[in-house]
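Asks: Please build the complete structure, drawing on both the sequences and the hints.
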Amino acid sequence: GAGVSQSPSNKVTEKGKDVELRCDPISGHTALYWYRQSLGQGLEFLIYFQGNSAPDKSGLPSDRFSAERTGGSVSTLTIQRTQQEDSAVYLCASSLGSGTPRYNEQFFGPGTRLTVL
Amino acid sequence: AQSVTQLDSHVSVSEGTPVLLRCNYSSSYSPSLFWYVQHPNKGLQLLLKYTSAATLVKGINGFEAEFKKSETSFHLTKPSAHMSDAAEYFCVVRGNNNDMRFGAGTRLTVKP
Chain A
623 GAGVSQSPSN
633 KVTEKGKDVE
643 LRCDPISGHT
653 ALYWYRQSLG
663 QGLEFLIYFQ
673 GNSAPDKSGL
683 PSDRFSAERT
693 GGSVSTLTIQ
703 RTQQEDSAVY
713 LCASSLGSGT
723 PRYNEQFFGP
733 GTRLTVL
Chain B
37 AQSVTQLDSH
47 VSVSEGTPVL
57 LRCNYSSSYS
67 PSLFWYVQHP
77 NKGLQLLLKY
87 TSAATLVKGI
97 NGFEAEFKKS
107 ETSFHLTKPS
117 AHMSDAAEYF
127 CVVRGNNNDM
137 RFGAGTRLTV
147 KP
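Respectively, the protein sequence lines represent chains A and B. Numbers 623 to 739, taken from my numbering, label the letters of the first sequence in order. Numbers 37 to 148, taken from my numbering, label the letters of the second sequence in order.
Worth double-checking, as some hints may not be accurate.
[Claimed, not checked] Below, computed lysine to any residue pairings styled on SDA-like, alpha-carbon distance capped at 25 Å:
{"no.": "1", "chain 1": "B", "residue 1": "78", "chain 2": "A", "residue 2": "737"}
{"no.": "2", "chain 1": "A", "residue 1": "679", "chain 2": "B", "residue 2": "130"}
{"no.": "3", "chain 1": "B", "residue 1": "85", "chain 2": "A", "residue 2": "649"}
{"no.": "4", "chain 1": "A", "residue 1": "679", "chain 2": "B", "residue 2": "63"}
{"no.": "5", "chain 1": "B", "residue 1": "78", "chain 2": "A", "residue 2": "629"}
[As the list claims (entries may be wrong)] With the Cβ distance kept under 8 Å, some of the chain A side facing chain B (calculated, not the full set):
{"no.": "6", "residue": "665"}
{"no.": "7", "residue": "678"}
{"no.": "8", "residue": "727"}
{"no.": "9", "residue": "728"}
{"no.": "10", "residue": "730"}
{"no.": "11", "residue": "733"}
[Unchecked claim] Negatives, chain A to chain B, calculated, CB over 12 Å:
{"no.": "12", "residue": "630"}
{"no.": "13", "residue": "633"}
{"no.": "14", "residue": "634"}
{"no.": "15", "residue": "636"}
{"no.": "16", "residue": "637"}
{"no.": "17", "residue": "639"}
{"no.": "18", "residue": "640"}
{"no.": "19", "residue": "683"}
{"no.": "20", "residue": "686"}
{"no.": "21", "residue": "691"}
{"no.": "22", "residue": "698"}
{"no.": "23", "residue": "703"}
Read the hints as simulated data drawn from the structure, not as lab findings. Don't be surprised by glycine CBs; every beta carbon is placed ideally from N, CA and C.
Replies: Structure, rendered in structure tokens:
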């Protein structure tokens, strides 16, 4: 079956513009996560969706960042008024819901490389 | 709070020699720990995970890791390195809300 997919694979934008990044999780995975990987650093957690529950937004670095998940499947991460420090690879992951034996295993997409000029 | 520290940013070994990538964790309760690998221009792949079952965990590609509570460690090992093992390796602990707390990564170089 298909894995986690993300689009676009690369995005170059100008400072101050808004961008939208898309994630299609694995079918049947109710949990979805967004992470950011800056150059030479590990992954930074941004936001977590679990089913229809309110998302955990504790990792979002500023109010310019937001995410939604429509219909419990596809998710969009929006960055408003982009800044140069937003340049990074944005990774999406999905997993089975809590209460399942493989709940802990997250499957990652290939990422979107965002460059803010 | 849960966190991990990868003790080496870069490890270099010769092909056929053992690999040791070190990771220490901090957790207020019994942690779930993982090792992920990221090859150049490829996505993250799960190598192995520890979730309070056997303390010695075997993963893919001949890797294994041992959970040592007394040392708060979860080091990744492989008896014999292969050229294809060259990649970035991340030690990860699961956070309170199932978010994954990544270490800074260890870049493994394998010399012929």
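Asks: Now tell me, hint by hint, if it's right for this structure.
Replies: Hint check results:
With a CA separation close to 18 Å, the supplied pair residue 78 of chain B and residue 737 of chain A stays within the 25 Å bound. Restraint check: the Cα-Cα separation between residue 679 of chain A and residue 130 of chain B comes to about 16 Å, which is no more than 25 Å; the hinted pair holds. Taken as a hint, the residue 85 of chain B and residue 649 of chain A pair is honoured in the structure, with Cα atoms around 23 Å apart against an allowance of 25 Å. Under the criterion of a C-alpha separation no larger than 25 Å, the hint pairing residue 679 of chain A with residue 63 of chain B is consistent with the structure, at around 21 Å.
Proximity of residue 78 of chain B to residue 629 of chain A is assessed by CA-CA distance (about 15 Å); at most 25 Å being required, the pair is judged to hold. Of the supplied interface hints, the one on residue 665 of chain A holds, with its beta-carbon coming within about 4 Å of a beta-carbon of chain B, less than 8 Å. For residue 678 of chain A, the interface hint holds, since its Cβ comes within 8 Å of a Cβ in chain B; the closest pair sits about 5 Å apart. The beta carbon of residue 727 of chain A comes within 6 Å of a beta carbon in chain B, closer than 8 Å, and the hint placing it at the interface holds.
Restraint check, residue 728 of chain A versus chain B: the minimum CB separation of about 6 Å is within 8 Å; hint holds. The criterion of a C-beta within 8 Å of any C-beta in chain B is met by residue 730 of chain A, whose closest approach is roughly 4 Å, and the hint holds. Evaluation of the residue 733 of chain A hint against chain B yields a held restraint, the C-beta minimum of about 7 Å falling below 8 Å. Separation of residue 630 of chain A from chain B is adequate, the least Cβ-Cβ distance of about 15 Å exceeding the 12 Å criterion.
The Cβ of residue 633 of chain A lies farther than 12 Å from every Cβ of chain B, with a closest approach of about 17 Å, so its non-interface assignment holds. For residue 634 of chain A, the condition that its CB be more than 12 Å from all CB atoms of chain B holds, with the nearest at approximately 18 Å. With a cut of 12 Å on Cβ distances, residue 636 of chain A stays outside the contact zone with chain B, its closest approach being about 25 Å. Look at residue 637 of chain A: its CB is around 26 Å from the nearest CB on chain B, clear of 12 Å, so calling it non-interface holds up.
Distance check on residue 639 of chain A: its Cβ is at least 26 Å (rounded) from any Cβ of chain B, clearing the 12 Å threshold; non-interface status holds. With a least beta-carbon separation of about 25 Å from chain B, residue 640 of chain A lies farther than 12 Å from that chain, consistent with its non-interface assignment. Taking the minimum C-beta to C-beta distance to chain B, about 14 Å, the non-interface status of residue 683 of chain A holds against the 12 Å cut. A cut-off of 12 Å between C-beta atoms confirms that residue 686 of chain A is not in contact with chain B; the least separation is 20 Å.
Every C-beta of chain B lies more than 12 Å from that of residue 691 of chain A, the closest at about 15 Å, which supports listing it as non-interface. With a least beta-carbon separation of about 19 Å from chain B, residue 698 of chain A lies farther than 12 Å from that chain, consistent with its non-interface assignment. Against chain B, the non-interface label of residue 703 of chain A holds: every CB pair exceeds 12 Å, the least being about 25 Å.
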